[in-house]
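Each chain is listed here by its residues.
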Amino acid sequence: MFAATGARIPAMSLSKERSEIEEYEQTAQTEFEAFYLRTSRTLHGYLCRLSRDSGTADEVLQEAYIRMIASTAMEEGQRKAYLYTTATNILRDRWRRQKREREWSELGVVNEATHQNFNLPIDMASVFDRLSAQERAVLWLAHVEELSHREISAIVGVKEKSVRVMVFRAREKAKELLQSAGFRGTHE
Amino acid sequence: MSNNLQNDDSRLDLLIKNMAQDHQPQLPSPGVIWWRAQIQRKLAEKDRVERPMMIMRAVVLALSAALVAIILVVNWREIGGMAGGQPGPFVVLGIFAAAALALAGSLLFKESMGKS
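First to last, the protein sequences are chains L and Y. Okay, so the first sequence: first residue is 5 according to this note's numbering, each after it adds one. Okay, so the second sequence: first residue is 575 according to this note's numbering, each after it adds one.
Keep in mind that the hints were calculated from the coordinates and are not lab data. Heads up, a few of these hints could be off.
Claimed, not checked - Chain L regions said to be covered by chain Y (calculated; three or more residues, Cβ under 8 Å):
id, segment
1, 33-42
2, 56-69
3, 128-140
4, 152-158
As the list claims (entries may be wrong) - With a cut-off of at most 27 Å between alpha-carbon atoms, the simulated DSS-like pairs for lysine-lysine come out as follows:
id, chain 1, residue 1, chain 2, residue 2
5, Y, 616, L, 177
6, L, 163, Y, 591
7, L, 84, Y, 616
Here a beta-carbon is modelled for each residue, glycine too, at the ideal position from N, C-alpha and C.
Let's have the full structure, built from the sequences with the hints guiding it.
Right under this line is the structure:
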C-alpha cells in the first residue's frame, strides 16, 4: 500500500470523506514506517559499500524511499526489489553525471598497489573496497539480501546468466583477497 | 576439496553478513522521509493543476501578439509616415501593446523556467 496518491473514495459527506482520506494516509504512513525500519539499515549498507561514501548513501537512500512512496501501490515482495533497483539507478545516474560510469562497467579495477600491501590490516569492508562496483553490488545482494540471480539481474541491469558468473567471480576474488592477506576472520 | 570450497563459501557468507550486521548508521527518521515525499507530491499536484492555466496564458499571449501584428500591418502606411511626421494613434497603441506583450512573455517564460 503506502502510495498515498489516487485514493478512490466513494461519494460521501465532505467531513467523512476527509476523515477517510486521513485514515488512509495514516495507514499508509504507518506501513511505510514499518517497512523503512525493516529495510533502511541494509539498504544504507549496500549504498555505502557501492558508493564508498556515506554522504552519497544518505542522499540516495532518501531519494529512493521518496520515489517509492510516490510510486503506485505494490506488493510487499515487490517493494524491496523496487527499492534496490531505484537506489542502484539513482547511484548509476550520479556516476554517469560525474563521468564515473567507467567504474561501473569495468570488472577488474582492483588496485594492484593496495592489493600487494599485505601489511595493511584487512577486514571484509576493505576487501569490498577493492572490488569493482558491480562486484560489490552482486555480492551484497546475493549474501546480505539473499536475492535470487533473477532478482539481482533486474537490479543491476544485466542478464541472469551473467549474474551467475559475476557472483562466482566476485566470490572468488573476495576469497583470494582474504587469503592473500592471511585473513582468518574477525568474527569467528 | 569440494568440502573446503563449501567451507570457504560459507565463511565468506558469514563474513559478509557480519559486515552488514556491523553497519549501524545514523538514519533520518521515517517521518521525515514521509513528510518530504508529501511535499514533493503536493508540488507535483500543484504543477499538474496549474499546467492548463500556463497553456492558456501562452495561447492568449500568442493571440495577442497576432492581433498586434495585424494592427501593425493594417496601419503600415501610418508607420511608414512615422519617419517624416507625427505617429498616428494606432501606431502608439501598437508599440505599447508590443511592449506589454514582450513583458508578459518574458514573465511567462521566467515562470515556466522556474518550475522546470
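Against the structure, the hints:
Counting residues of the segment 33-42 of chain L whose beta carbon lies closer than 8 Å to any beta carbon of chain Y gives 5, which reaches the threshold of three, so the coverage claim holds. Only when three residues or more bring their CB closer than 8 Å to a CB of chain Y does the claim for the segment 56-69 of chain L stand; here the count is 6, and the claim holds. Evaluation of the coverage hint for the segment 128-140 of chain L: fulfilled, as 3 residues show C-beta separations to chain Y shorter than 8 Å, against a requirement of three. Counting residues of the segment 152-158 of chain L whose CB lies closer than 8 Å to any CB of chain Y gives 0, which falls below the minimum of 3, so the coverage claim is violated.
Simply put, residue 616/Y and residue 177/L have alpha-carbon atoms about 48 Å apart, too far for the 27 Å limit, and the pair is violated. Among the hinted pairs, residue 163/L with residue 591/Y is consistent with the structure: their alpha-carbon atoms are about 25 Å apart, no more than 27 Å. Proximity of residue 84/L to residue 616/Y is assessed by CA-CA distance (about 25 Å); at most 27 Å being required, the pair is judged to hold.
The earlier numbered hints that this structure contradicts are 4 and 5.
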